[in-house]
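Assemble the whole structure, with the sequences as input and the hints as a guide.
Listed here are the chains, written in short residue letters.
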Amino acid sequence: MAPVLLVTQDLRTEDDLVHMRAAVKMHASDLGFSSLNQTKIMTAASELGRNTIEHGLGGLVIIEHLREPERNGIRLTFKDEGPGIHDHALALSDGYTSKKGLGLGLSGSKRLMDEFDLISPPGTVITVVKWM
Amino acid sequence: MPKETAVPLHAIISDSRDDILKEWIKAQLDDTSRSQAVPDASIKASSTEFFKLFERAISNGNISDIDRSEWEEVRHMLSDLSASRATQGSTPSETARFIFSMKQPLFARLTKDKSGPDAGAAVWELSLLLDKLGLYTTETFQKTRESIIKRQQKEMMEMSTPVIKVWDGLLAVPLIGTLDSARTQIVMETLLQKIIDTGSKLAILDITGVPTVDTQTAQHLMKTVSATRLMGAECIISGIRPQIAQTIVHLGIDINDIVTKASMADAIKEALARGGWTFEKQAENN
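Those protein sequences? They're chains Y and D, same order as listed. Oh and the first sequence: position 124 is 124 in the working numbering, straight run, nothing missing. Oh and the second sequence: position 262 is 262 in the working numbering, straight run, nothing missing.
In case anyone wonders, no lab produced these hints; they're calculated from the structure. You can take every hint at face value.
To give an idea of the chain D side of the interface with chain Y (calculated C-beta under 7 Å), a few residues:
#: 1; residue: T178
#: 2; residue: D180
#: 3; residue: T212
#: 4; residue: D214
#: 5; residue: T215
#: 6; residue: Q219
#: 7; residue: Q243
#: 8; residue: T247
#: 9; residue: H250
#: 10; residue: L251
#: 11; residue: G252
Each computed SDA-like pair below joins lysine to any residue, with the alpha-carbon atoms no more than 25 Å apart:
#: 12; chain 1: Y; residue 1: K25; chain 2: D; residue 2: S181
#: 13; chain 1: Y; residue 1: K100; chain 2: D; residue 2: K223
#: 14; chain 1: Y; residue 1: K99; chain 2: D; residue 2: M222
#: 15; chain 1: Y; residue 1: K100; chain 2: D; residue 2: A227
#: 16; chain 1: Y; residue 1: K25; chain 2: D; residue 2: G209
#: 17; chain 1: Y; residue 1: K100; chain 2: D; residue 2: G177
#: 18; chain 1: Y; residue 1: K25; chain 2: D; residue 2: V249
#: 19; chain 1: Y; residue 1: K100; chain 2: D; residue 2: T184
#: 20; chain 1: Y; residue 1: K25; chain 2: D; residue 2: Q243
#: 21; chain 1: Y; residue 1: K100; chain 2: D; residue 2: I255
#: 22; chain 1: Y; residue 1: K100; chain 2: D; residue 2: M231
#: 23; chain 1: Y; residue 1: K25; chain 2: D; residue 2: Q153
#: 24; chain 1: Y; residue 1: K25; chain 2: D; residue 2: R183
#: 25; chain 1: Y; residue 1: K110; chain 2: D; residue 2: V249
#: 26; chain 1: Y; residue 1: K100; chain 2: D; residue 2: I186
#: 27; chain 1: D; residue 1: K261; chain 2: Y; residue 2: L36
#: 28; chain 1: D; residue 1: K150; chain 2: Y; residue 2: T13
#: 29; chain 1: Y; residue 1: K100; chain 2: D; residue 2: G252
#: 30; chain 1: D; residue 1: K261; chain 2: Y; residue 2: L102
#: 31; chain 1: Y; residue 1: K110; chain 2: D; residue 2: I240
#: 32; chain 1: Y; residue 1: K110; chain 2: D; residue 2: Q243
#: 33; chain 1: D; residue 1: K26; chain 2: D; residue 2: I12
#: 34; chain 1: D; residue 1: K150; chain 2: Y; residue 2: A22
#: 35; chain 1: Y; residue 1: K100; chain 2: D; residue 2: D254
#: 36; chain 1: Y; residue 1: K99; chain 2: D; residue 2: V225
#: 37; chain 1: Y; residue 1: K25; chain 2: D; residue 2: P242
#: 38; chain 1: D; residue 1: K150; chain 2: Y; residue 2: D16
#: 39; chain 1: Y; residue 1: K99; chain 2: D; residue 2: V249
Glycine included, C-beta positions come from ideal geometry on N, C-alpha and C.
Written out as structure tokens, the structure is:
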């Protein structure tokens, strides 16, 4: 079955991040994710959303409900038109940072979610999925 | 140059000043949708004062551009009025109706003696003017509300990061909400200052009320711990929920050199033990 669009939100400021986390938590909880998985999804969303704002110069997030015969899931898509990521392997390695963070945002989000997909450049589109 | 009106607006208003004012005040007092935020006496007083200034401004012949200097007194009075009503708890539409309720008594005068295109044009011009003044009150009202919200946010930010003295030499900071850079800065400043003031050797940072710990939050916490160490004190982080613990592990954040406890009670116990305190429960009397 086709995915159901739950919400689309702009990501420009720190306040947008707060709203996005609240929206992700609400939808994840509505879909029936456990408290642990809700926290994991929120944390991954927080990391990727911050990347969209800080590295991608702002963009948007799409939250969708994935429906398959055997399972349900949530898909978050982060899109920006920033400079993009040129060396995927380097960006995904633990501890690599282009700014002054811990360098765990991308790799950590990948570990927190079940599926992770990165398309870049031009711009950056990161899609993550968590199955129930 | 401001345009002269077709109808001698100023003359018409001066002729029946008292009647217009009386009708205007009555319209405001009779308004059934009015809340009780503004007392009758103050409506009468501000209406009388506004009308005086309005009449003076209109006598200059410019009724199209309220940004000009002849309208300065009127604008000034309207800002004060909107600001005071915003703090008194009036609604924005109520505040705008202060101006809009003037239309009926004024228009009645304009169309009474004259009819035809001239009166129509005058009503239209006056209506535009009153709309501008009404919007002006709404804008000021909004600005006042925004400044109130900003002040409250700041107060909340300061109040939401209290540093508590739990015991001699032991401080506790319960963190609630999102730990962004601004919050961390305030927490760090107040904590470090309190460490000096009380000569404390230990501080407990409790994150029970922090909904998510991502890499940025973790980095903020680590910076606070490092700064505390530089001051010669130690930090214990408590209130780590099971979900947060697992998330931190998955993210791959290394917190090995930070002392953590599941609950604030555990942290206090540990802190007091380090300070050489021992406690025992008194035998119960039968």
